[in-house]
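Asks: Each chain, written out:
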Amino acid sequence: MRFKFSLMAIGLEVALIVLFALYVQYETEQKNVQQLNTTKPSDMDRFLELYPLFQDVHVMIFIGFGFLMTFLKKYGFSSVGINLFIAALGLQWGTIVQGILHSHGKEIHIGIKNMINADFSTATVLISFGAVLGKTSPIQMLIMTIIEIAVFSGNEYLVGEIFQASDIGASMTIHAFGAYFGLAVALVLYRSGLRRHENQESEYHSELFAMIGTLFLWMFWPSFNSAIADAGDKQYRAIVNTYFSLAACVLTAFAVSSFVGERGKLEMTHIQNATLAGGVAVGTCADMEIHPYSSMIIGGLAGIISVLGFKYLDPVFATNLRIQDTCGVHNLHGLPGVVGGLAGIVAVAMGASDKSTIAMQAAALGSSIGTAVVGGLMTGLILKLPIWGQPPDQYCFDDSVYWEVPRSIEHDHHLHENGSHNQLEPEV
Amino acid sequence: MRFKFSLMAIGLEVALIVLFALYVQYETEQKNVQQLNTTKPSDMDRFLELYPLFQDVHVMIFIGFGFLMTFLKKYGFSSVGINLFIAALGLQWGTIVQGILHSHGKEIHIGIKNMINADFSTATVLISFGAVLGKTSPIQMLIMTIIEIAVFSGNEYLVGEIFQASDIGASMTIHAFGAYFGLAVALVLYRSGLRRHENQESEYHSELFAMIGTLFLWMFWPSFNSAIADAGDKQYRAIVNTYFSLAACVLTAFAVSSFVGERGKLEMTHIQNATLAGGVAVGTCADMEIHPYSSMIIGGLAGIISVLGFKYLDPVFATNLRIQDTCGVHNLHGLPGVVGGLAGIVAVAMGASDKSTIAMQAAALGSSIGTAVVGGLMTGLILKLPIWGQPPDQYCFDDSVYWEVPRSIEHDHHLHENGSHNQLEPEV
Amino acid sequence: MRFKFSLMAIGLEVALIVLFALYVQYETEQKNVQQLNTTKPSDMDRFLELYPLFQDVHVMIFIGFGFLMTFLKKYGFSSVGINLFIAALGLQWGTIVQGILHSHGKEIHIGIKNMINADFSTATVLISFGAVLGKTSPIQMLIMTIIEIAVFSGNEYLVGEIFQASDIGASMTIHAFGAYFGLAVALVLYRSGLRRHENQESEYHSELFAMIGTLFLWMFWPSFNSAIADAGDKQYRAIVNTYFSLAACVLTAFAVSSFVGERGKLEMTHIQNATLAGGVAVGTCADMEIHPYSSMIIGGLAGIISVLGFKYLDPVFATNLRIQDTCGVHNLHGLPGVVGGLAGIVAVAMGASDKSTIAMQAAALGSSIGTAVVGGLMTGLILKLPIWGQPPDQYCFDDSVYWEVPRSIEHDHHLHENGSHNQLEPEV
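Taken in sequence, the protein lines are chains A, B and C.
In terms of numbering that gives the first Met the number 0, the first sequence opens at residue 0 and continues consecutively.
In terms of numbering that gives the first Met the number 0, the second sequence opens at residue 0 and continues consecutively.
In terms of numbering that gives the first Met the number 0, the third sequence opens at residue 0 and continues consecutively.
Since the hints were made in silico from the structure, they are not lab data.
Incorrect hints may appear among the rest.
In this list, chains with the same sequence are indistinguishable; a pair is considered to hold if it fits within one copy or across any two.
[As the list claims (entries may be wrong)] Below, computed lysine to aspartate or glutamate pairings styled on DMTMM-like, alpha-carbon distance capped at 25 angstroms:
(1) K3 <-> E403
(2) K233 <-> D353
(3) K3 <-> D44
(4) K3 <-> E261
(5) K264 <-> E403
(6) K264 <-> D392
(7) K310 <-> D44
(8) K310 <-> E403
(9) K105 <-> D232
(10) K105 <-> E403
(11) K105 <-> E288
(12) K354 <-> D232
(13) K354 <-> E26
(14) K310 <-> E261
(15) K383 <-> E26
(16) K310 <-> E106
(17) K383 <-> D353
(18) K233 <-> E106
(19) K112 <-> D313
(20) K264 <-> D232
(21) K354 <-> D392
(22) K233 <-> E197
(23) K383 <-> D313
(24) K112 <-> E48
If we strip away everything but chain A, and leave its shape as in the complex, we get:
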């Protein structure tokens, strides 16, 4: 049935509107009457104060993740387009699921932190999307978004409310979780025919488009790690630590990329991804009093590990483990996320936090990875149900399966040699 995607998307939107009508309310200033004569800022002041940080996160989600994935020569429409679809769906669904969990089933009053957290929940799915990029249909992504955000919200509630662990930049709950969830899905969806697929290459300009994504992620990562931190010292430290961690990470990523490259050459994939690992890895302890130089050590190590992952782990994953990780999310989010979780444990052990304990932090890391793997495997099985359809191997990493593409892609870029993609295409 060719209208399946359309009907599911419309149906979901109607359901979301009903859920919003039932559960969601504005925040109102009336709640703050008692503050009128104080100098303490009201919720509304805080709303505008955090709004620029929210917008930075927003840019990371839609431009950052979207364009980071445009590196494939024939899959840019889907990267940036389905990214938009997932994020728009996810932020509505995330508002509901997280809101209900945190309000314990009562009304949800939309404040700036709800909006930031809604964007965060979509980040998890977009990370997983990177692992399966080019190998799934829009309808499968729609289903994965719904399931993954529910599982993510459950784990995030567990980590934050039950374990009371620190994870302000979400190294564990978003990055490690999103990566291992996506890898588990990719394992279930493994198809040997996709090994070294001719479409799985980049073009000169597609690499430049991807750098737009990289840079917006890189620049705004301090906002990501600090957006929901406590006002004052903690928020300040989250910004400063992330700023310096990322800077250190760039130097080590460049150094190692050239070190392991053929005749010292740099590789764009490393620069696009590993330069961001410092933002991931410093996430858990970003708001702690760890000293700027410690964040630089964390960032520097993350950059090294990430490049080495791309160089030496990716081939092992693709062949031996039968996990085809299109964007290498394991190296950008998985490994650095684990580094972040471990750094958090070390920081807590050294007394950088007065709120959390080693046990809580370890439980949070274990729970994030465990939930992700189990949730991802189950989601993969659901996505594999024949009812959703899957593109045949020869049409993977190819926009023309789901999009009208301009004629010029064939004519001008010589990307196709026999035009065969106009025949026998599966329906969306």
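Using the hints, position chains B and C against chain A.
Replies: Only chains B and C this time, still in chain A's reference frame:
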């Protein structure tokens, strides 16, 4: 005379400098002496508080509108370049015209809202620019900018000051106005030779450039709709309503695009434009207490209507009505702007505003469309005067008429087959 | 030794971490205890208030400078990649050098202004990078970054602390300094074989990528010129003056580009660069009470001078003076920076500042240019040492020397005809 454009641009800048010397002043803190001992924020505090929202709007104007129009394979320089020219001219002229109207001829003190409104006034022209994109010369755009901003400011004054209608996100005064103004100009400038012009196609990468514009417009639309809202609850609601309206709009736009597409395929044009219709349509009532779920309904409907407009109305406009709407601004700004005006009437009827009445809102919608059509027709006639020159049909949608283009455009992209565009080109 | 770059980068990062451990501390709210009962904003409030301006500057550094340089058809990876490397290294090194100078050797407490100034110091190097773009190796850029930031910080300390001159937007200390430093380096590195190099051309889409850089620089320049201005009137004026100066500059740049162009055609190089000259030129007196119309005069003149520089000075520099200025930084930063310095002298002479004198301003301008030229010449000599290696002339402006490039660059774009770049390449 080949120096006509240069001399007019320089002359205009000199005139603007004289007008600024006569009418424009800094805002000074001295005016706020009486507030020194209060906790009420001074104008200067409010300046910095709104500055991030201003910058978001700024990005929408220059990157958003500029790149949204780069989808044509051979007209990217003009799209993003003339967009910059129009906006830079328009913001100076808009500062003067709007400032004098609102200060009733007295001195204009430049505050952050003047800067936001100056940017807004350019948005109107840029929307109209989309309707005539590729078919007019820079000199014609210069003239249209001067005329349209004057007419726009008059209508905006009428709507806001005389009718006292609500239109915080300017669904009527900017979006519907800009669209119908541009369509009226396009009607007057109609040329049958441009039907199905070979240059009016996109390229694979030009579509990705356009997505940069789409996403920055999409992300920052909450700032657009809230930037000049009253501080506190209203500004907060304008942000929240727009955020959710846009998210809902994405789902319906994707759904309908696939629904009406051949074999369920998505179309980039729809995704680039219709996903933004929710921002337009929620504009008029964005700051009202309409409840988030209502904004999702408005956004969802706007996404549906916009895609249907692209699919079924555009061909009718181009052939039967003799209106060639290059960017489809009718579907992105025109129809959703009318939806926004009607939604405003319904919201006021249901008591969501204590300031406006149904009659005021209806008068505002009628005035915006009426003024736009009359102003656009007159402007079209002025632009058609032989003195300005017009590119002959075979050179339309082609940067090489007004720009030095790199040789590679012919050589590498095979966009030209006989190089004929190097001969017989009209002067700028 | 092919690992030279890697080892130097890693070694530098380790050294920076040690320096941070020794000299850098968090800023703490405890210092502001006495303010708790006042309405004066604490440092932390000011941190978040200025954070959006910092992020604007951040975008200018990484996206703005990075993409502005992607106009060359085969050098986009290096432009945006090495830009990232330089900036990430420079901001760490700049934090240390500027911090130690301003704290007179004591501990550095990282506040938002330190972060803004760290970004500023990288801008200087990135401007110089534009002059030598395509002709140097990553290792040479690493060395130039270290030297130039030290010299820059010395001059900036001289201008600000010793001369007590005004230069809020850094027309002299960043723009003129960076340009003349880079030109001096380019003079020393002159190679006649690079004259009219076939790789020194643009492509249609590379020009559009460059416009991304231009527009983000253009839009956020008001933040650049105001980010470290005194709170209140001065910061406000720096924003307003820059906003209008840039707008005026666009009109004159377009006018003159068409005026001097063949048959009235516009040139992308002018639009990408000269439209920004207004931001540079108004920098020195941006926070002074010069009236908006004066900033428009400054911006308008800068736009004219900049285009004329590109058209008539560049060829003279390249041939007669033996200075190959790849990006034309002399026309975007050098000349407009001098205009800015002179405008500052005039403004002070007319009483627009109560802090500075004509002599101080003149000393600042002379010092900035003098230090830059001497520093640049010495740096050029160091960069010319055979130990660092230099790409042979035939491989200049070519990413494939230092980067793995996708096969498609040859196949799809026909950029190479004989594939010779795969042989005999020098190591990084």
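Asks: Hint by hint, say whether it matches the structure.
Replies: Status of each hint after checking the structure:
| no. | hint | verdict |
| --- | --- | --- |
| 1 | K3 <-> E403 | within (18 angstroms within a copy, 42 angstroms between copies) |
| 2 | K233 <-> D353 | within (12 angstroms within a copy, 39 angstroms between copies) |
| 3 | K3 <-> D44 | neither (45 angstroms within a copy, 51 angstroms between copies) |
| 4 | K3 <-> E261 | between (47 angstroms within a copy, 14 angstroms between copies) |
| 5 | K264 <-> E403 | between (37 angstroms within a copy, 6 angstroms between copies) |
| 6 | K264 <-> D392 | between (32 angstroms within a copy, 19 angstroms between copies) |
| 7 | K310 <-> D44 | neither (47 angstroms within a copy, 44 angstroms between copies) |
| 8 | K310 <-> E403 | between (35 angstroms within a copy, 13 angstroms between copies) |
| 9 | K105 <-> D232 | between (32 angstroms within a copy, 22 angstroms between copies) |
| 10 | K105 <-> E403 | neither (44 angstroms within a copy, 55 angstroms between copies) |
| 11 | K105 <-> E288 | between (36 angstroms within a copy, 21 angstroms between copies) |
| 12 | K354 <-> D232 | within (15 angstroms within a copy, 34 angstroms between copies) |
| 13 | K354 <-> E26 | between (29 angstroms within a copy, 21 angstroms between copies) |
| 14 | K310 <-> E261 | within (11 angstroms within a copy, 41 angstroms between copies) |
| 15 | K383 <-> E26 | neither (41 angstroms within a copy, 53 angstroms between copies) |
| 16 | K310 <-> E106 | neither (49 angstroms within a copy, 40 angstroms between copies) |
| 17 | K383 <-> D353 | neither (46 angstroms within a copy, 54 angstroms between copies) |
| 18 | K233 <-> E106 | between (29 angstroms within a copy, 21 angstroms between copies) |
| 19 | K112 <-> D313 | neither (36 angstroms within a copy, 41 angstroms between copies) |
| 20 | K264 <-> D232 | neither (42 angstroms within a copy, 51 angstroms between copies) |
| 21 | K354 <-> D392 | neither (50 angstroms within a copy, 60 angstroms between copies) |
| 22 | K233 <-> E197 | neither (48 angstroms within a copy, 53 angstroms between copies) |
| 23 | K383 <-> D313 | within (23 angstroms within a copy, 39 angstroms between copies) |
| 24 | K112 <-> E48 | both (12 angstroms within a copy, 18 angstroms between copies) |
When the structure is compared with the earlier hints, violations turn up for hints 3, 7, 10, 15, 16, 17, 19, 20, 21 and 22 and for no others.
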